[in-house]
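Colleague: Chains as they are written, first to last, in the working numbering: chain A, 1 to 453; chain B, 1 to 453.
Just so you know, the hints here were simulated from the structure itself, not pulled from any lab data.
Check before you lean on any hint, since a few could be wrong.
[Said to hold, decoys possible] Partner residues are not named here, just some residues of chain B that face chain A (Cβ under 10 Å, in silico):
{"hint": "1", "residue": "15"}
{"hint": "2", "residue": "99"}
{"hint": "3", "residue": "114"}
Since the model is a prediction, treat every value here as computed from it, not as a measurement.
Every residue, glycine too, gets a C-beta built ideally from N, C-alpha and C.
What follows is each chain in one-letter form.
Number of protein chains: 2
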Amino acid sequence: MAQKPSIPKGTRDFSPVEMSRRNYIFDTIRRVFYLFGYQPIETPSMENLSTLMGKYGEEGDKLLFKVLNSGNFLQGVDPAILSEDNYTKAAPKICEKGLRYDLTVPFARYVVQHRAEVQMPFKRFQIQPVWRADRPQKGRYREFYQCDADVVGSDSLLNEVELLRMIDEVFCRLGVRVAIKLNNRKVLAGIAELVGAPDKLVDITVAIDKIDKIGLEKVNEELAERGLSAEAIAALAPILQIDGTLAERLDKIGAILADSEIGHKGVEELRFVTETVTNLGLKAELDLDVSLARGLNYYTGCIIEVKALDFAIGSISGGGRYDNLTGVFGLPGVSGVGVSFGADRIYDVLLGLNLFPESIGASVQVIFLNLGENEAVASLKAVETLRAAGIAAELYPDAAKMKKQMAYANSLSIPYVGIIGEQELADGTVTIKNMQSGEQQSIPVADIVNAVK
Amino acid sequence: MAQKPSIPKGTRDFSPVEMSRRNYIFDTIRRVFYLFGYQPIETPSMENLSTLMGKYGEEGDKLLFKVLNSGNFLQGVDPAILSEDNYTKAAPKICEKGLRYDLTVPFARYVVQHRAEVQMPFKRFQIQPVWRADRPQKGRYREFYQCDADVVGSDSLLNEVELLRMIDEVFCRLGVRVAIKLNNRKVLAGIAELVGAPDKLVDITVAIDKIDKIGLEKVNEELAERGLSAEAIAALAPILQIDGTLAERLDKIGAILADSEIGHKGVEELRFVTETVTNLGLKAELDLDVSLARGLNYYTGCIIEVKALDFAIGSISGGGRYDNLTGVFGLPGVSGVGVSFGADRIYDVLLGLNLFPESIGASVQVIFLNLGENEAVASLKAVETLRAAGIAAELYPDAAKMKKQMAYANSLSIPYVGIIGEQELADGTVTIKNMQSGEQQSIPVADIVNAVK
Chain A
1 MAQKPSIPKG TRDFSPVEMS RRNYIFDTIR RVFYLFGYQP IETPSMENLS
51 TLMGKYGEEG DKLLFKVLNS GNFLQGVDPA ILSEDNYTKA APKICEKGLR
101 YDLTVPFARY VVQHRAEVQM PFKRFQIQPV WRADRPQKGR YREFYQCDAD
151 VVGSDSLLNE VELLRMIDEV FCRLGVRVAI KLNNRKVLAG IAELVGAPDK
201 LVDITVAIDK IDKIGLEKVN EELAERGLSA EAIAALAPIL QIDGTLAERL
251 DKIGAILADS EIGHKGVEEL RFVTETVTNL GLKAELDLDV SLARGLNYYT
301 GCIIEVKALD FAIGSISGGG RYDNLTGVFG LPGVSGVGVS FGADRIYDVL
351 LGLNLFPESI GASVQVIFLN LGENEAVASL KAVETLRAAG IAAELYPDAA
401 KMKKQMAYAN SLSIPYVGII GEQELADGTV TIKNMQSGEQ QSIPVADIVN
451 AVK
Chain B
1 MAQKPSIPKG TRDFSPVEMS RRNYIFDTIR RVFYLFGYQP IETPSMENLS
51 TLMGKYGEEG DKLLFKVLNS GNFLQGVDPA ILSEDNYTKA APKICEKGLR
101 YDLTVPFARY VVQHRAEVQM PFKRFQIQPV WRADRPQKGR YREFYQCDAD
151 VVGSDSLLNE VELLRMIDEV FCRLGVRVAI KLNNRKVLAG IAELVGAPDK
201 LVDITVAIDK IDKIGLEKVN EELAERGLSA EAIAALAPIL QIDGTLAERL
251 DKIGAILADS EIGHKGVEEL RFVTETVTNL GLKAELDLDV SLARGLNYYT
301 GCIIEVKALD FAIGSISGGG RYDNLTGVFG LPGVSGVGVS FGADRIYDVL
351 LGLNLFPESI GASVQVIFLN LGENEAVASL KAVETLRAAG IAAELYPDAA
401 KMKKQMAYAN SLSIPYVGII GEQELADGTV TIKNMQSGEQ QSIPVADIVN
451 AVK
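Required output: the full structure, derived from the provided sequences and hints.
Modeller: Shown next, in the form of structure tokens:
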């Protein structure tokens, strides 16, 4: 019986046009990853739930897609546990696997599982879909691609420098002007120390992360609600209002944090990274943002966020350093730093700013019309000649009405139409029509490659 | 707490070396698809279970991976249904989505759902993973890629011709000698008619499909068990023993099936396709195999199967024509024909025959050793010069022991090592070592691109 077909909410089909645009983004990022010495890996879509659970916080656990055990998933399961009041406990009894939620945890699992073969420092990239049972909304999907590059097994700040240059290179190639915002978790720790609330690091960063959205006054209200003393809030204020050039702001915050060992170290790290990368010739704007916290539980050093300058949208890339990602899988002491590119937002930026190259639309260069069996077979030989020269070509498969065949060629923006009719068949020629200029010429079949090159 | 990390059985991690080999296969296939005028689409990993169920037979339904509904999946579910005796009925109550089982059903769903935008004939390709809850074994995985190309909306046999040439082109480029076996569902129907058992078409094809494995005698025994009369079995025997060249065998089977309208049509189709494609210059061996049935319920015309000539493994590609795939989604009368390439088996063939090009291993062309901060920063500038010329290059991030850095370069088979030490820093030079020949030369930094090209 016929069903009206649809796909699950939050998921998408990609048409040929969308695919060519998406591949343009993925190919650009992938080429830059290779150019910078990153190597591809892939991990399975399904991981053991035990690998995923507890890695993304309580909220993250809820957003994991769980895969029902195959076979009789109810065998041996106590029916008492299968009650609606108890569903979070019931799920792991009938599901051992989940869909990957990001690329970072599977990467950490990979490094530990394959530690015997992995050569450190390990520079890997990974471009694969991830799945989250988030409420679907504009720009937020339940299946989407992440493009991650990470180095593990090296403490050197030169990795941060290289990652910033890599971000720069990707957006240069895509033609997107960006600002790269930097912070350092050690600076945040220094700030917490300075205001006398080292145990309130998380509260402070959660609050000051909102400064761009809600302003200083509201941030201060929130800090008070979170238990910060009036003195602490007063001590914090100057830090949130630092101005000047990047170098000046680093000097100012360095002076403010002079008594905090960890804060001082954070400022020195930022200074080295920004000076070195500026010296290399960064095209992107570089900016210090002490309110930048991004997934704080994760990061231990540098924190990076990238915004498009000419298009209003959230961050289009981000990352940072994490010192103990593999510890949870039994391999402590492996430091890592990485960045992730948000393909869907980059797509929106390129589309909004009309930055997709025109050439990525058409794939077929020449289509031959089909004027009957003998003509079609002769056309196929011409098509083969073109393909042998690396030119994508095809024959309209049916001897349909001319109008229908031309409509097909037009709808696919194919630049050349080849015609072998009765006359051409007798002469050993082909008529080539340039679809843009409308010009037509009759040439020997043997000359066809040159005619459309 | 540390867990020993692992992945679900039947799934795989792919290392950089495996990725470069797999990408070589995918890239080759993708390029040929484009060359022949196929356009890419992608569909979501999860489909509604209603889209998937009932499309792959009873066995297929069992092999679908089902995704647990998010949130309280037990809310409103009658607890009585959640018993182990009843698990097949319970699953759809708690799972609305499933992982895609193949690329064909999602493609049919795509065509119907987007029929307003899709230009017919629609030539699409799709390279994506699929999931099956099969028992894992050597060469059989629970997650694996399919590479499909199909045309829908055209009855022309020229599509079959083009697909055969496309198969030929793919395996030529990969350097694999293959035999393409052909059959036609209409020939099978003619045979069933001839032996006076048109209702036994499925039984006949299931039995004769095994002739290569178990021989004529056992096939005849099975046919008798399946209710075929002795006369029918006797009438079938000559068909299974036809010999001679491809053209001779087509003539012989044509003569045998002369009285069956549908059988005759099948033979004529095979004759047109094989003659036309031979005329175009096929490199692969072309073979008629009336015992070839492949997923019969599906195919209505041409049936294609590809075997490697120099490596013992199952079929490495296959396909055929299906006349009513979209009917189940409410769009009848759309004929399609397509082929699928089995990437995992092709991988095994290329590895077994040592056909992977050597060049696909190394990605980075030059690595700079790290001899201290100033030297490293100078090296980064040289690295940037190389990258600007399109040459993948990197700097070892840490000032580690020379031996460790060289071991890294060796393990990644990087062909050139660049060294900027104290002396080079003073001179504005760089020492380049060719890792294969062991030769070293000192050159101005400005000449580096030419030195490693």
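Colleague: Are any of the numbered hints broken by this structure? If so, which, sorted upward?
Modeller: Structure breaks no hint.
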